[in-house]
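> What follows is each chain in one-letter form.
2 protein chains.
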Amino acid sequence: MTLPPSNSREQAKELVLNLQDTICDGLESIDGEGVFQEEQWEREEGGGGRSRVMREGRVFEQGGVNFSEVYGEELPPSIVSQRPEAKGHKWFATGTSMVLHPRNPYIPTVHLNYRYFEAGPVWWFGGGADLTPFYPYLEDTRTFHREHKNACDKVSPELHKVFKLWCDEYFYLKHRKETRGVGGIFYDYQDGSGSLYKGQNKEGKAAAKSKELGESKQSWEDLYKLAQNCGNAFLPGYIPIVERRQNQEYGERERNFQLYRRGRYVEFNLVWDRGTIFGLQTNGRTESILMSLPPLARWEYGYKPIKGSREYFLTDIFTKPQDWFDDTDLENKCKENNIFH
Amino acid sequence: MTLPPSNSREQAKELVLNLQDTICDGLESIDGEGVFQEEQWEREEGGGGRSRVMREGRVFEQGGVNFSEVYGEELPPSIVSQRPEAKGHKWFATGTSMVLHPRNPYIPTVHLNYRYFEAGPVWWFGGGADLTPFYPYLEDTRTFHREHKNACDKVSPELHKVFKLWCDEYFYLKHRKETRGVGGIFYDYQDGSGSLYKGQNKEGKAAAKSKELGESKQSWEDLYKLAQNCGNAFLPGYIPIVERRQNQEYGERERNFQLYRRGRYVEFNLVWDRGTIFGLQTNGRTESILMSLPPLARWEYGYKPIKGSREYFLTDIFTKPQDWFDDTDLENKCKENNIFH
Chain A
0 MTLPPSNSRE
10 QAKELVLNLQ
20 DTICDGLESI
30 DGEGVFQEEQ
40 WEREEGGGGR
50 SRVMREGRVF
60 EQGGVNFSEV
70 YGEELPPSIV
80 SQRPEAKGHK
90 WFATGTSMVL
100 HPRNPYIPTV
110 HLNYRYFEAG
120 PVWWFGGGAD
130 LTPFYPYLED
140 TRTFHREHKN
150 ACDKVSPELH
160 KVFKLWCDEY
170 FYLKHRKETR
180 GVGGIFYDYQ
190 DGSGSLYKGQ
200 NKEGKAAAKS
210 KELGESKQSW
220 EDLYKLAQNC
230 GNAFLPGYIP
240 IVERRQNQEY
250 GERERNFQLY
260 RRGRYVEFNL
270 VWDRGTIFGL
280 QTNGRTESIL
290 MSLPPLARWE
300 YGYKPIKGSR
310 EYFLTDIFTK
320 PQDWFDDTDL
330 ENKCKENNIF
340 H
Chain B
0 MTLPPSNSRE
10 QAKELVLNLQ
20 DTICDGLESI
30 DGEGVFQEEQ
40 WEREEGGGGR
50 SRVMREGRVF
60 EQGGVNFSEV
70 YGEELPPSIV
80 SQRPEAKGHK
90 WFATGTSMVL
100 HPRNPYIPTV
110 HLNYRYFEAG
120 PVWWFGGGAD
130 LTPFYPYLED
140 TRTFHREHKN
150 ACDKVSPELH
160 KVFKLWCDEY
170 FYLKHRKETR
180 GVGGIFYDYQ
190 DGSGSLYKGQ
200 NKEGKAAAKS
210 KELGESKQSW
220 EDLYKLAQNC
230 GNAFLPGYIP
240 IVERRQNQEY
250 GERERNFQLY
260 RRGRYVEFNL
270 VWDRGTIFGL
280 QTNGRTESIL
290 MSLPPLARWE
300 YGYKPIKGSR
310 EYFLTDIFTK
320 PQDWFDDTDL
330 ENKCKENNIF
340 H
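Heads up: the protein sequence lines correspond to chains A and B, in order. Just so you know, numbering that gives the first Met the number 0 puts 27 at position 28 of the first sequence, and the rest follows in order with no gaps. Just so you know, numbering that gives the first Met the number 0 puts 100 at position 101 of the second sequence, and the rest follows in order with no gaps.
Be aware that a few hints might be false.
Chain copies aren't distinguished; within one or between two, either way the pair holds.
[Stated by the list, open to error] Straight line, CA to CA, 30 Å or less: simulated DSSO-like cross-link-like pairs of lysine-lysine: (1) Lys303 to Lys319; (2) Lys208 to Lys303; (3) Lys89 to Lys176; (4) Lys86 to Lys201.
Since the hints were derived computationally from the structure, they do not count as laboratory data.
If we strip away everything but chain A, and leave its shape as in the complex, we get (with noise of 0.2 Å):
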């Protein structure tokens, strides 16, 4: 592991701060007439931060980019047990994230976070974005995608191939056995030393992939840079969908559906995200740790969507991971039921 710089903190704060800036303008901008209302808040351990919620907005019916920057004492044993280098010590993490509800369920729902972590002797980047669409096209997939891939490549052409896999793993909901969406990158203990992949799951195909490209490195600038323009790869990647979608009509079976997927989200950052059990675990704040939870959500016993109808390939193809780019029978599927583009 290398060094960091003397102003660490300082660097990844004002890293994070001005993602969520970036992000707030690029959202208030697209959606025309909802307006963030920022609220400051300190924690009583230590630091504190600055949440914005966008309500009823012409296309966001709720979003909060949450900013924090909090210290404390010692790591809760969840983080210990990934990282032990770091029991004992104090530890500091900045970070920003956000989670979109659109109104309309041709928009789908997004979420992103970056953040940076220092306990004693080490430190590490984790972050990433995900994509949640209720009636999903390949077309919108493929540019959240792309621009993720774009903005990892810059750093090292091997992170995407990792960090790919990796958000479809940790994004997945083992009790639905479905991913929360298309995915996006995932990324999290990133110290620039050993190999890639340092999540949980050894067995999966992240860990593999990241076996088969050896140990990697990068500086803490490396670093630095991706979160950088992993965060700054969302806009271009998400606002060209609401472009798309956000004139496509609806009616109450599209909305029902929307209401019902929203469901599944609670589902997942109520069960099974590591960042909401840790907020929770760490007295954080729970109105900004469950900003993420959706204005409106549904659940009804024991549904399925008719096989081949729209909300059917929803499960069928888009809450599974796949190739995204290279796949003709995926592409071919999805032109023949109409949700190519």
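Starting from the known structure of chain A, arrange chain B on it as the hints suggest.
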């Protein structure tokens, strides 16, 4: 621990099946329009169940009463840690569980669950029922608690003293510093020996009360009777509340608040409920486990009720552990604010 009767599993199964029948009949009767749809299912690893769901009834927007009988090779760690003698043994479990989501916000959401486990040399009963009002009245709360207290007292007068406190501690949302509602009773790992409280919170009031009462002995038959009495206490503890509240008019304000508070119900079930986590861990039937989730729920960042409003009194009084019967201040506060009856 006394020995169970030779046909303990059959008896326990019949008990919970009968409870399911009685409760469904009572609920259909008060609803008048809604009918339970039954679905039988089998579990790959052993066992199965019958799920009954009512949707869009007159009183009940959604409700489920589930029965299951399941068995397997080894209990999951979360249970073995509480019952080490069960380690390495095949297990059997049968139970009934219910959650009702009424449409009218003046009628509380309610949950019930009674279950029986065997694993090698050990057996135990568990269960309980708890009430989650949106616009609570002290009289409703008392009706529910009175019936459950009487049901416990018929077996032994010390039981309710512990089980009421245990309920307050179990149905607690740490991240909100709120109980789920006004409580009721909860017990687990009851094998008729040792102290009554066998939960994890050794520092809590239930543990203290249990210690104060000393060792407590019940036969298998006593605990069978306890489950039967408590299960049968549900209808007389809940139906009078429905009757009192079903014609109380409400508007958008009350509906919005109900949906918002249902969000808390989702949070509890997915983040804190061991039953739900057990089900998802043991590859349970997801649709039946998550039958407890509401048909519609809402989240709103930073919501705070206006001081002195009816919404305010929910969290000011009714989501804190309380002595519902003998607290004069509480009674007066409810009378002054027109939430006594």
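> Treating 30 Å as the Cα threshold, decide for Lys303 and Lys319: within, between, both or neither.
Classified as within; 17 Å inside a copy, 39 Å across copies.
> If the cutoff is 30 Å on CA atoms, where do Lys208 and Lys303 land: within, between, both or neither? Let me know, please.
Neither: 34 Å inside a chain and 48 Å across chains, both beyond 30 Å.
> With identical chains, the pair Lys86 and Lys201 could be close in the same copy or across copies; at 30 Å between alpha carbons, which is it: within, between, both, or neither?
Both. Shortest intra-copy (22 Å) and inter-copy (27 Å) distances satisfy the 30 Å Cα cut-off.
> First find the shortest C-alpha distance between Lys89 and Lys176 inside one copy, then the shortest across copies, and answer within, between, both or neither for a cut-off of 30 Å.
between (38 Å within a copy, 27 Å between copies)
The structure fails hint 2 only (numbered hints given earlier).
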